[in-house]
Amino acid sequence: MIEHNFAEAFLKNRAELLPDDVWGQFIVPHFISSTAVLKEKKAVKIEGGRGCGKTILMRYLCHATTFSRNRKNIPDTALGYIGLYWKPDIRFCKLLTSDWLESYSDIAFEHYFSLSVLEALCDCVDSISAAHFEHGSIDLNTVQLPPTIGMYFDGNVNSFSELANRIRTERAQFNLWVQNPRREQPLLFQFKDIFTALLDTLASTEPRLKNSFFRIFVDEFENLQPSQQLIINDYIKQPQSRFCVSFSVRSHAISEFFTSTAEQLIDPHDYRTINIENEFLKTGQANFELIAAEVTLLRLHNENFDIGFPEFDVECLFDPRFLDKRNNDEYRKAVLARVRRIFPQMTSTEIAQLACTDSALRNRLEKAILQGLERRKRTDIPISTFFDGIDPRVSVVAASVLHRDKPETDEIIEQVRMSVSNPAASAFTKREGGWVQNTLYATLFYLYQGLPNTGNLLYSGFKRYCGMSQPNLRYFQELCHQAFLEANLDRDNKECADPMVVPPKTQAFAALQVSTKLVNEVERAGANGKSLHNLIMRLGHLFEAAQRRPAQGEPEVNHFSIDEADSVALKDDVHKLLKEALMWSILYRTDDTKNKSDYDIVQNDYVPNPIYAPYFGISYRKKRKLALKAEQINTIFLGTGTQYQDLLKNYTNKWMSSKDNILGTNYDMFS
Amino acid sequence: MDVLEGQHFRHQLRHVLMIEFQMQSTYSRGRITNPFDVAFVSRALDPRGRFTAGEAASLAKETCRISYNPGTYSLEVNGQSIKANYLDELVKAHPGRNILLDATTLDFPDILLIIRAYIEQRQEVCFSFLYAEPEEYQTSQFEDDNETPRFVLSDSFDERHRPIPGFFTGTTSERRPAWVVVFLGFEGDRLRRLVFDAEPEDKKQYNLVFGVPPYRTLWENHSLMENCHALSETERDDIFYAGANNPFSCFEVIKELHQAAKGPNAALELAPLGTKPAAIACAIFAGCHREIGIRYDYPKRSENRSTGIGRTHLFVVKADGAELGEF
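From first to last, the protein sequence lines stand for chains A and B. First residue of the first sequence? That's 1 in our numbering, and the numbers climb one at a time after it. First residue of the second sequence? That's 1 in our numbering, and the numbers climb one at a time after it.
Residues from chain B that face chain A, not an exhaustive set, calculated with beta carbons under 10 Å: (1) G170; (2) R192; (3) R295.
Bear in mind the hints are in silico, worked out from the structure with no lab data behind them. All C-beta atoms, glycine included, are put in the ideal place defined by N, C-alpha and C.
With the rest of the complex left out, here is chain A (with noise of 0.2 Å):
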């Protein structure tokens, strides 16, 4: 039996998996305070690559969550801006389009529309009555609704419940209807009189309610009908005195919104957009390492484990009002700490020492040494030189350097003497540029790279968890579920009596199944995901190809920009491929883009996301490009097999001298 199922508390990262009340799920993000999320009367575009959090944030603002039975003390604060959430059902709405309903096609959208946002009005009038407010309960179940109300659904319609039970059956005759229009047609009407009546009664009748503003959000817009699209867009550009309509769309998936008339929506004049990864990587990896460990600490909280930090209160992550709070360093300091506990990371320092030390890298280390050494015609100088009584880093790092073609052996082996005599002279260990502070990662994945049984270090710790998965923290919930499962199938592992820790070594292989079940996933990436698949695999194994030099001398080459010269030559496929691939967060875009178009693909860096790293076995740090040329790109992103075999090929031969291929003999890739 399993005594500690730790990994259960990450399991529903989704929030599609989650209930409409999400209070005591979401965290609110740092970023949410400069925004105008909270507080806007125009439409809200919600902007992010998948899982990165759009629906979770939709749902936090909507009333289940606002009014949820879980809170305490609403204030009645919460009732000035409130939320009713609408996700259309993608499939349904195929069937509401010109090709099946004809001319019907758009007011069937319009009355589905507003069935939905009539239904999702009274769940919240139940949400409201059941509220704790701090200033006593609102009972709105009483309220008598106008007689107007009666005229859209053939007969008297007198309170809420009667409204939502009449909407019920209305549902079910339109659903018919719609699969078979040679049915007798039902009303179809808009919501906006209706809608706006029923906010004019709630607002007389109930003196808190009387400026209340709703905002209703419509999830995942890049699914509905282009026609459906516009729809939904004239309601954005006219929000309403008493509401507006607001909504989430996947990055890079629309880059332009029109209305029906063909008028185009503007940001910021007609909605304001939060794009959810850009302003986690705005606030910087400080605040996704802070949310990060709250979301540890919340979940494992919320499954009634003790995590042994009493002054975690966990009401704070909830409300916006204690962001302050949240803020203060002593709070950050201890959070962190707490997690830091639970993902222990090594250091690079550590790793090297382990290098030294553990047989298997050790034995690799050395073969690196040596064949350097032959490489250079110095199997005079006896392999001590490199450990006896050296810093490992040295060691580790001297691996590269003798595989470069400068500076001369003697000078290398005197620069290893200084770093023990005086470090901060030494070409190895000195503080700016030293051969150690630019390749000791990059050599230490290559020492990894040889032996693929054994977990690279390089990708556990808590903070590097966060680097791999940064801006997303459905990747980071996925680390965070694997390691504490891999934990526990680790019956022998008596490293650590608290079964709260998870070792590194488990984490680095928890890193390495995640990597490689999200590299899986992308095959499901939309219509093109064989082809977006195909890419990542491209690509990864081009850096992989990269990070194979021994030499190390342009270490952590993981991402490419395009170079601009022959940008003329890249392929109209190969544009709305590398547009695909940024809409399912596969490839990241850096944009320091300055007075270019969005679409302008020639000025950017192109970064697979970092969680592919492991699967790779590549640095998941943002370090150095590799240069393409609109061809290469074209063969990359395209070209056949064979095209692209020659490609890696090409670069292969001319990141390896012919005798550094000895040492990637466990590189079989063209065997």
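Since the structure of chain A is provided, determine the placement of chain B on it from the hints.
Leaving out everything else, chain B in the frame of chain A:
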């Protein structure tokens, strides 16, 4: 399969509609004495399709070329277009009680809508399905020797999971749990995409049906290998087995799950991603029950996806013409 020959069994539908199976496992032209009123065929992509389409045409008084266009929700019938809610026009144009369907060339939605069309007439009708197994399926050319051979059966899935009017069980906000019965084939991606495209906020139970025994010994391994990833990732309720070339055993599995799903008032949806005999079973069941939903991904079948002509079957199903219940 000859042991099953002549086997009869009856299935009492909820709304008094009765259908009766009469199995004649191996097709032989000589055994067919009366010509069929109409034969439905579609475009042949491989030798077995050309064979059965030719046979079907020779066995009926009239041949009708038909194919469903998911984008326009209509059947293209001999060059004319019939919307999916005007199926009575199909019967008007091709009246008959003894219908032959060339299941080798017809796709699942074609079969489904033809069955629904005639069943809705509330008259006795007999459906015969002609189906030829292939000798071999086309396999992929690989760049890497380590890859296991894969069958290449479809080029693309442009219209994936577009609903078929009349076979959509309800929108997500109704929050009805769904039981999805998936008949698995040789293309593992199809199951993955089905799960991925399904609305995750509604609880779904996936009942996976493998085609075992397969057409040929060892082909079940392809199916297992292709779908094993999804097996570990999908929250599945149970695994079933039904003969890959036996629509009757597939039908029994559906019937069993239909009974079981009634209890928790779940929507039952069928996803025929496997062999054509399994698709025939799904089409018969859904064609005769208004409450059944369909999830289908409309593969664009590859040219010359199979070679040779294997065993050829004739499956016969009779419906008694009783009323098809309303929702």
